[in-house]
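J.: Could you put together the complete structure from these sequences and hints?
Same order as they appear, the protein sequences are chains A and B.
Going by the working numbering, the first sequence opens with residue 1, and the numbers climb by one from there.
Going by the working numbering, the second sequence opens with residue 1, and the numbers climb by one from there.
Because the hints were derived from the structure by calculation, they are not lab data.
Each residue gets a CB set at the ideal place from its N, CA and C atoms; glycine is no exception.
Careful: at least some of the hints might be erroneous.
[What the hints assert, rightly or not] Below, a list of computed lysine to aspartate or glutamate pairs in the DMTMM-like style, where the Cα atoms sit at most 20 angstroms apart:
(1) B:K203 x B:E153
(2) B:K163 x A:D190
(3) B:K203 x A:D190
(4) B:K210 x B:E30
[What the hints assert, rightly or not] One side only, chain B facing chain A, incomplete, derived with CB under 10 angstroms:
(5) W24
(6) P63
(7) A243
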Amino acid sequence: MEERGRAEASREELERLIDGGTPYKFAVASQVPMPPTRNPRSAIHAKSPITEEVGEEDVGMEEVSVAIDRQQPPWLNGVELLEDAKWNKHVLPTGCEGIDILLGGGLREGQLTEIVGPSSSGKTQVCLCSALGVADLNLGVVLFLDTCNSFSSHRIAHMVNSQSDTLVKEGKEGRLKRIMSSILCHSVFDIFELMDVLHQLECKLKHQVKSSGNRIRLLIVDSISSLITPILGGKNSQGRLMMITTGILLKKIANEYNLSVLVTNHMVGGEGGSLKPALGESWKNIPHVRLVLSRDQGSNICNVSILKHTIIASGRAAKFVIDN
Amino acid sequence: MSETSRFRSTEGSHGALKGAQTAWDMLSEEQMQKHITTGCEELDAILGGGIHCKEVTEVGGVPGIGKTQLGIQLTVNVQIPVECGGLGGKAVYIDTEGSFMVERAHQIAEGCISDLLDNTAHRLKDFPACPERLQPNSFLSNIFYFRICSYTEQIATINYLEKFLEEQKDVKIIVVDSITFHFRQDFDDLALRTRVLSGMSLKLMSFAKKYSLAVVLLNQVTTKFVEGSFHLTLALGDTWSHACTNRIILQSV
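T.: See the structure below:
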């Protein structure tokens, strides 16, 4: 424990040196859990609390830079990358036929997929469908981070019951319980809470056994834009910083622990009255895949088209149906 | 959170994320949950049994359509005692337009009580304590009324509610009549308005979840020009349209 305490202190100092110690950022930084120090000695040797004499600052800097150098990750060659993609980066079905065909199977693990669309265009529906799809096939656990109380277990139960007359080998109740037990829901109402949950998740994933059956496979944030809108804009750029940090963290978790991440975003009026995705230019390049949903008034057919994809040409479109 | 407690929370096999719940648990909780009736069967049917707790419902309509009426009705209906199939809760009414009429609330309470006595008299025999509670004045005393005169006051009140709800655990509904009014009057910076409003809606969402209460936001309407014709839509723009769980619009036929 002693060792951890000291390591924490040196970590804090490191953060302070890198960021110039603004209190705002620091509040976030203090929530960051300790990364595993590759070499425990570096943490012990790094200088402890800043209350020491000014003269020793240079020595401290040097040790900090040594500590930074040790953070360098190992390199991979192309063959290893291919192997990784083949064995660890599977494709998770969304449960919406149109989208699965469009995306060549569904949501890819290790990637961040974003769904944008106006109000009531079917974003939450796609999220619930994907959660159901992953849970139904016994692929693993789904974590649903809900920011606008839109997660409805009732709706999922309804979807389960309506499709179960096809191939039911197990009892209706048993199937429902199995599916519903592997969907986890967590309410999040501000960006700091989201960061905290993501750090907790990272910690949890780090310690979980690799081959265990119920590992978390899919992380859904519905919707990420409602957390970011209140802090974005205005004169200071801290809101943007938080947004980018969240994006980076989501992508990191996706890649390192082979998770598929699905987030939803809303749309705002752009030039000439046409709609465009919210969160602006800096967010634009964070998701790997961006899908746009739209729905004609009064119909239950949703149109989905690709705005950005890593391997599929953008502009392709498909349709899927929401049934009541 | 300290490092040790974080490790402890990750020990379990799964579901160990602090504050997370499985959908299975939520489903059984949801099935137990009673809804607040609007007093109109058809409207209840559209809403899936009435106004749901833990959700934010937005109601819009042209002036005079009965938004405030519905708001007052809900503050009364939420107090229907548990023995009569209600929630037996209390209500918070945030009035920005000054349209809350206490005489009307008294009338509605009287109407509600006489309905209850007619329909559930046989059930009430078993609960002798009820008649004293079934008085219009006791209904009125359980409505907490805030009169808001500027958007600053509105922000402050929403922030204060956090403390208020901590003390008054019985509150089962918050009605804001209307969420729009001050923000449509004297607010030039639209980007700032969006930020303030979305922050406010997140706050209300968190109350709804934390105290398992219903939030009803009354909103004004505006017309929107889409594909050559005008449509009636709820005010406050596209970003706001994502802020609520349910949105309904009242129209006369």
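J.: If a hint holds in the structure, say so; if it does not, say that too.
T.: Comparing the hints with the structure gives:
no.: 1; hint: B:K203 x B:E153; verdict: 15 angstroms, holds
no.: 2; hint: B:K163 x A:D190; verdict: 18 angstroms, holds
no.: 3; hint: B:K203 x A:D190; verdict: 9 angstroms, holds
no.: 4; hint: B:K210 x B:E30; verdict: 14 angstroms, holds
no.: 5; hint: W24; verdict: 4 angstroms, holds
no.: 6; hint: P63; verdict: 23 angstroms, violated
no.: 7; hint: A243; verdict: 7 angstroms, holds
The structure is inconsistent with hint 6 alone, although it conforms to all the rest.
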